[in-house]
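Asker: One letter stands for each residue in the lines below.
Number of protein chains: 4
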Amino acid sequence: MIGSGFIGRVHSNAFRQVGHFFELPYQVCCKVICGRDRAKLETAASRWGWDEIDTDWQNVVTRRDIDAVDIAVPNVLHSAIAIAAAQAGKIVLCEKPLASTLAEAEKMAKAARNVPNLVWFNYRRIPAVVLAKQLITEGRLGQTYHYRALYLNQSGNDPRKSNTWRYQRSEAGMGAAGDLLSHSIDSALYLNGPIRELSAMMHTFVPGRDVDDAVLLMARFANGSIGTFEATRFGVGCQNRNAFEVNGSKGMLAFTLDNMNELDFFDATEPLDSRGSRRLSVTALNHPYGEVFWKPGHALGYEHPFIATLGDFLNSIGRQEPFHVNFEDAVAVQRVLDAVERSSASRGWVTVDAT
Amino acid sequence: MIGSGFIGRVHSNAFRQVGHFFELPYQVCCKVICGRDRAKLETAASRWGWDEIDTDWQNVVTRRDIDAVDIAVPNVLHSAIAIAAAQAGKIVLCEKPLASTLAEAEKMAKAARNVPNLVWFNYRRIPAVVLAKQLITEGRLGQTYHYRALYLNQSGNDPRKSNTWRYQRSEAGMGAAGDLLSHSIDSALYLNGPIRELSAMMHTFVPGRDVDDAVLLMARFANGSIGTFEATRFGVGCQNRNAFEVNGSKGMLAFTLDNMNELDFFDATEPLDSRGSRRLSVTALNHPYGEVFWKPGHALGYEHPFIATLGDFLNSIGRQEPFHVNFEDAVAVQRVLDAVERSSASRGWVTVDAT
Amino acid sequence: MIGSGFIGRVHSNAFRQVGHFFELPYQVCCKVICGRDRAKLETAASRWGWDEIDTDWQNVVTRRDIDAVDIAVPNVLHSAIAIAAAQAGKIVLCEKPLASTLAEAEKMAKAARNVPNLVWFNYRRIPAVVLAKQLITEGRLGQTYHYRALYLNQSGNDPRKSNTWRYQRSEAGMGAAGDLLSHSIDSALYLNGPIRELSAMMHTFVPGRDVDDAVLLMARFANGSIGTFEATRFGVGCQNRNAFEVNGSKGMLAFTLDNMNELDFFDATEPLDSRGSRRLSVTALNHPYGEVFWKPGHALGYEHPFIATLGDFLNSIGRQEPFHVNFEDAVAVQRVLDAVERSSASRGWVTVDAT
Amino acid sequence: MIGSGFIGRVHSNAFRQVGHFFELPYQVCCKVICGRDRAKLETAASRWGWDEIDTDWQNVVTRRDIDAVDIAVPNVLHSAIAIAAAQAGKIVLCEKPLASTLAEAEKMAKAARNVPNLVWFNYRRIPAVVLAKQLITEGRLGQTYHYRALYLNQSGNDPRKSNTWRYQRSEAGMGAAGDLLSHSIDSALYLNGPIRELSAMMHTFVPGRDVDDAVLLMARFANGSIGTFEATRFGVGCQNRNAFEVNGSKGMLAFTLDNMNELDFFDATEPLDSRGSRRLSVTALNHPYGEVFWKPGHALGYEHPFIATLGDFLNSIGRQEPFHVNFEDAVAVQRVLDAVERSSASRGWVTVDAT
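Keeping their order, the protein sequence lines are chains W, G, C and D. If you read the first sequence in this note's numbering, its first letter stands for residue 201, the second for the next number, and so on. If you read the second sequence in this note's numbering, its first letter stands for residue 201, the second for the next number, and so on. If you read the third sequence in this note's numbering, its first letter stands for residue 201, the second for the next number, and so on. If you read the fourth sequence in this note's numbering, its first letter stands for residue 201, the second for the next number, and so on.
Everything labelled a hint here was simulated from the structure, so no lab data went into it. Treat the hints loosely; a few may be bogus.
If several chains are the same, the list does not tell them apart, and a pair holds so long as it fits within one copy or across any two.
27 Å max Cα-Cα, derived DSS-like pairs, lysine-lysine [stated by the list, open to error]:
no.: 1; residue 1: Lys240; residue 2: Lys495
no.: 2; residue 1: Lys450; residue 2: Lys495
no.: 3; residue 1: Lys361; residue 2: Lys450
no.: 4; residue 1: Lys240; residue 2: Lys361
no.: 5; residue 1: Lys361; residue 2: Lys495
no.: 6; residue 1: Lys307; residue 2: Lys495
In this text the structure is predicted, and so the values were computed from the model without any measurement.
Same shape as in the complex, but just chain W:
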């Protein structure tokens, strides 16, 4: 584990919990946690049961007794570590966004071609989001017309946060676009397929910040639908609203992370007098991950999609099956982010390059 901040804690929890819920082909051993601050590392290691600590990631990624490297550090550091780990033949797991630029992301994907790899786009594995995907795949929405995504938090409105790494281009690469929009884009690509072209606007409210505080986006998808996206750190009133809605010829889906155990589904093929938006509690046994965690009606929380991501990944390795979200998938997200930057600069529509 490279990194011991908040997201390192979330990943540590996933490593600790995955075997309690998933039948796995491997036993997970928490070997070493690596970072810059020895005191912090010691606390993290003792709390989460990492055998050792280290302050030099270069040592760690080449150790022979290590099979997998998980990267939970600021974006700008992802590529060097991931490439080194991949070159050392390790399984590589990387926090999102994959990189701070498209070029870096492409290099990483190339380097990781021959090792199992994962990017922690955790929201794809919320049971309600997987159910949305199933309903779309089954054709329950018909032809898609509209995709609509919001990712609103209020972190940017807090002046104390201006100096953290997420507000520095040199550390984060992008602002709200990398941090928040990347999640929305990943979900959109998953649920609604590729984006052909887009027109975007990045905006910084606070003078002196060199990353975007907010980003707006209109898009045309390959399937003929059109979309809007908004991601902002100035969504005062919303702590972590990651929401999407899809309108199709046969119905509508709506999800918000504010209520992550539910999915709203409107089935326009129902008789007119009993047609309405259904609030699905996505905790039934036959729902995604319904037999993995607790019981019907028993809510999951923020950490469970991470556990599910890891469980699926380890099983995919065992079965030698493809896994998503992998580095290639994350490059597709990065291509959209790159188009966002280009469009915002040129103030016009730009094409999103296909792979």
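Keeping the supplied structure of chain W fixed, place chains G, C and D upon it in accordance with the hints.
Answerer: The following block gives chains G, C and D in isolation, referenced to the frame of chain W:
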């Protein structure tokens, strides 16, 4: 029209509006409005277009040029007026609750036997409530297990209101029971059939008040289901929450006046993975009154069920068909209220007498 | 009244009801209803109490016994009628959007300069929307960051509607933009001030239609905030969702027509542990129109903002005070719609001309 | 750990997770899991990391290398194990309800007097519920008028479940009362203090079942407020709705497990025009357990209150401070359940004996 207070205003509106939305066999003429305060009457008459005013209801109810008498005065005055009007052969409309005691109500029903009569239990004609009735009648809930009703407002917590007629036994007969619970009981009898027996508790929070501020109730219905009711003027936080829920073997219905254009319907016969509570917007053309008022998706408000009540009533007279809620129906409500008082006094279960 | 379709019915209701709720300086007399279809006119006249019918609007607008002309016909007919009525010195009321092009709208505003005039942007007078304006004006949101508007209905997905006037450029001028987006723009200008520049995309899903089925829009407001708008007739699952949200440095407001009696208000200046989105039931006596209609907790419906619009208009004439939304205000909306068309055509950002 | 069913799994998770989130005075070692079915025990032990398995609880509870015994077996077995463990000087943790009768519960409490003891009324430690307690304690609700609790699930409507232990008096003691109502009672005693007297009704819908399928309850609390409770296994449409509402002279609180990260708070002391129910996302740093788990806006799930219960318990032992819910507290719940049974049998009000 006897009475020119708030509810008289609501009834006046119904008389004015009914012909705009309903095809009627009669033309409604607003002849005379009657009350104690001449100045108030003049304002009301000019505002709502009543031809004349009068301060003596006894004159009014026997006038030959008057076909119908609408009673919108404190409960204790209902019976004298209604009986006189019925004896004069008038169509009688009476605000709920029908009377301040069961005995009075029975006398009124007897007197009105031979004239068309109506009691303004308006909430029965909210489209969402009528749809609930339809779904139950179609068997969509299966066997009913639970009926659950709340009527919460916060009027009692306002000390300025203690002296108004609603807080005096001599004027109102009962407190929350007559004012609020009577609505819940009428809806329950409509939706779930007769109550066999009940155990109730009336409670007064404010010393010196001689009517109930709140009433709680457990009930056994004739259909084998069991019910709870709570009506209170101390439901601080709720302005006018008239809500019910029904659980049956095949599903659930939930309604609240807070959102009167919607009905929640859970269909337990749906496949498990797409089963959820549907929020029906009860404004479709094929919904109750869907062609009477505006368009799908266009909300109705507080006054519309009154207009619908009057429209249906006038048409029932024209067609010589039975109309509900009539005085007999309201006596059934009063029988339950009487049982509530007896049970509260005896601190035990009591039978609700059948007709 | 020129026009006897759905919206003519809504306006007729406002004329009938305005005197019941507002103290007015004038008595409203419903003289003549005018349209093309004599049978339809007769029904409408008898239902709503119009004294006469006429099939030639040119006769009507110049009659000496008529003071006011209300225009409730397809968009393309607005200008000729409005200009003739204004030139005849009549008070002119016109359904929205004011015109089918900016040029027409400007001509109309010029013609109506010297007569009292009104455009029926009714949603501005929903009590919850007026309260939103008050809270913003009082500074309760602080500096505005984001304005976000949706107007989603599903009318376009119904193939039977393709031939009606709303789907013909020759009758309607625009599609979703004129029909739906115009409402969102009016509300935005009211609540958040002028739009400086925008980038928009109009889209038609159904081959053969010559108006937009949907329109997306990113905007920069003069106050430094940024906005997104989406209006569509393909929002399957939404019957009439006219919603907006505003995030500011001190809080957030959210409104949706699905629940028109409520406004969500998040006050970010509250102590952290009891900070949350408040669901305001905008029916209190001291709320906008709180003393005009019913009682606290008693819901208003679709028609009430029309009544309020008319009541305020008639009183503004009596007091010789300015009234909004007038033709000039509606020209400002039309300027934005014009920019939307230009931007969509040029696929780039365009400036919205100031007056 | 005695028991390896669903709830044993939930407790195992708490033992595994508590050290990751809480700073503890002890290291938790998972020694032995005990049950009847060896194969099931082996699976559980390997999944959750229990060192050993055993099929004889009597062996286990006296082992010298064991400090604490956790009881997660059917209700009727609680007392023998708990008493034996307490007599052996062990820390005792017991699943709720404490026992199948009041007499048993009292014996258990007596036996456990001198050892640290805990009953897993987990819902008390949901952050939103703790916040409710804080607001009440601070006087934010003023004088309490109404307490209203629902616990609705639909397990009883599933005929396959009739033969499980929860539907047998000999195994479970009670039905919905012990399983569901006990939670509501514990929360009520915590939030609103002792119940003085009550009138209850137990009902069984399915012939042949000897436990209650549903229980209704009216209550008078020592603080002068009145309450209603409903717990049922026939609440079709509700998977696990554990909800309460409290109305006081100054405000209202509402909670439902359907949305366990939120608490609704209506503050009636706010100015009238901005008064409304606030939806508090109880995930802020200064909320209960706000610094223990993830970050603001990051939802907790079903398992977290169990972890919090265990963390608080272990710390209370370390600090030699009292802990709640202990066996004595659970006896108070059992006294109410006993009164419920007596009242249901006698069809009248009964007093709840004070300790």
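Asker: Against each hint, give a clear statement of whether it holds in the structure.
Answerer: Right, here's what the structure says about each hint:
no., hint, result
1, Lys240 to Lys495, "between (36 Å within a copy, 18 Å between copies)"
2, Lys450 to Lys495, "between (31 Å within a copy, 21 Å between copies)"
3, Lys361 to Lys450, "between (44 Å within a copy, 17 Å between copies)"
4, Lys240 to Lys361, "within (20 Å within a copy, 50 Å between copies)"
5, Lys361 to Lys495, "between (39 Å within a copy, 15 Å between copies)"
6, Lys307 to Lys495, "neither (43 Å within a copy, 33 Å between copies)"
This entry does not satisfy hint 6, going by the numbered hints stated previously; all others are met.
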